[in-house]
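A.B. asks: Line order of the protein sequences matches chains C, B and F.
First residue of the first sequence: 1, per the working numbering; consecutive thereafter.
First residue of the second sequence: 1, per the working numbering; consecutive thereafter.
First residue of the third sequence: 1, per the working numbering; consecutive thereafter.
Since the hints were derived computationally from the structure, they do not count as laboratory data.
Beta carbons: idealized from backbone N, C-alpha and C, even for Gly.
Incorrect hints may appear among the rest.
[What the hints assert, rightly or not] If you want the ones that stay clear, here's a sample from chain F, every Cβ over 12 Å from chain B, calculated: (1) V11; (2) D27; (3) Q28; (4) P46; (5) S51; (6) E53; (7) E58; (8) T75; (9) G82; (10) K86; (11) D91; (12) Q103; (13) D114; (14) E116; (15) R138.
[Unchecked claim] Facing chain F, from chain B, some residues (calculated, C-beta under 7 Å): (16) A32; (17) P62; (18) S85; (19) S88; (20) Q96.
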Amino acid sequence: MLFDLHCHSVSSDDSRATVEQFLKWIGALRKKGREIDGIVLTEHRKFDVDADYTHLANKYDVQVLKGSELDTDCGHFLVFGVNKLLLNEVDFSDIKMSGVELARIAKDSGAIAIPAHPGRYGVGLVNYLDDGLDLSNITIVEALNGSARAGENEKSAEFMDQYGLAGTGGSDAHFVSGIAQCLTSFDNPIASETDLVEQLIQGQFKAISAPE
Amino acid sequence: MATEPTIDYDRSVLGKEVPGETIRIDREKILAYGAAIGETNPLFLDDAAAIQAGYKSLMAPPSYINALILSSGRPDPKVNFGTLSFHSGQAIETYQPIYPEDSISTTSSLEDVYAKTGRSGTMVFIVWKTELFNQAGELVAIARESFVRR
Amino acid sequence: MPSNTLYIENVDIGDEVPELVTTVSMDQVTAFFASYPRSNNSPDRPSRFNSDEQAKKEGLAGPIIPGVMSMALITKVLTDWGIGAKFKLLDAIFRQVVPQEEQIRAYAVITDKDEESNTIELDVYIEPMDGQPYVRGRASMELVSKAG
């Protein structure tokens, strides 16, 4: 299955795309022969507990899962499998939270937090490696980010190789037409956030770019 | 818990409406604007074509709204952050055409000041809203200018 | 209606608006500001738009195109294509400075369509011939319907 693991709807303060517009665009891509099974909404510094996209997901036959993108003291992290335990332990609006702690708490709560665009200047993990971070709870990073500037995905790849990490793909779309620029291909079906976390932990996935 | 930093600025400016100068729309200026961007659309160049399309005369290209917003005369919110200022974005909504000889008046207000952290570190955004009215008192457009300080 | 009127029934999500490929010179930027009724950007005052030296003093590689001129180019792309349409909205984000004297392309793609209101939404871009967008945004236009 192919999922875009990183996108932002208007619920993120800097996006101009509604969820429905993302799904309509995916419909247009499918007409052109593209395969996309689902998206994960990773809104900035929040988790929309009450947002229910079931109706839209059924209408457009696209899975819509929810996650978050959080600011930390060592760059941004994508969080999948957000649950009550994690929401009680972590203040999602805290832009200076410890990324290392976030990874640990996420793992302990049954969720997973992975560095987003680690090769991005300023807000990617590679900028903080000299701080002597404990990376023991980081086994996956976002390898392919669809909004990367020149050299950023390459820096992420270097980091992954150096530390033997697995990599996901996501568009980081803030506009409708940016969705599905990069995807994650999973070997097994995913029907929920729990499935997603399980498949990420099992490691049977790879990052892919959209065809030219 | 650290959210975005509290910004030091003159909060008394927030929301205060400031009237701008009334501008008489000059046909030659509209044509010069079009020439500068390589405009070829007859609606913005030729009265006969515009009238045939149902308009009063040739009109200003929609983006000409931006030329009618003047920052001079606005109160300074004295945002105490950073040393550089860049224009980070602008939004225009159009409601009525703007024709030569129209008199356009504007009212501006400081709509928002907020901080955000991105690639370049923390930045402060300053958003000005301007409403534009014609001589009949009709709202012709709304513009929002966003500036970033870092 | 003119024979080349663009009808809502004839467009769909994913359709691309014909692009504009252009290079903007300092003379054009100067002429652009000169067309303003009044302007803070006098050609007599060095700025990032009319002076290489001043642009470099401000940490730029060279003189740049003003954001509002980028918006003018995007609007031109849309109004050239949307014959019979009413332009409603352009919300532009200036992600990176747009250099003068560099070939750029301005284009748009339809991202949403509402046949009740005859409105389309578009993502709009100004980008280098090879690279990430300088300007990105969202636009909205009201098209004509064959149903009248």
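A.B. asks: Taking the hints in turn, state whether each one holds.
C.D. replies: Going through the hints against the structure:
no.	hint	result
1	V11	holds, 19 Å
2	D27	violated, 9 Å
3	Q28	violated, 6 Å
4	P46	holds, 16 Å
5	S51	holds, 17 Å
6	E53	holds, 17 Å
7	E58	violated, 7 Å
8	T75	violated, 4 Å
9	G82	violated, 10 Å
10	K86	violated, 8 Å
11	D91	violated, 4 Å
12	Q103	holds, 14 Å
13	D114	holds, 17 Å
14	E116	holds, 20 Å
15	R138	violated, 9 Å
16	A32	holds, 4 Å
17	P62	holds, 4 Å
18	S85	violated, 10 Å
19	S88	holds, 6 Å
20	Q96	violated, 10 Å
The structure shown violates the earlier hints numbered 2, 3, 7, 8, 9, 10, 11, 15, 18 and 20.
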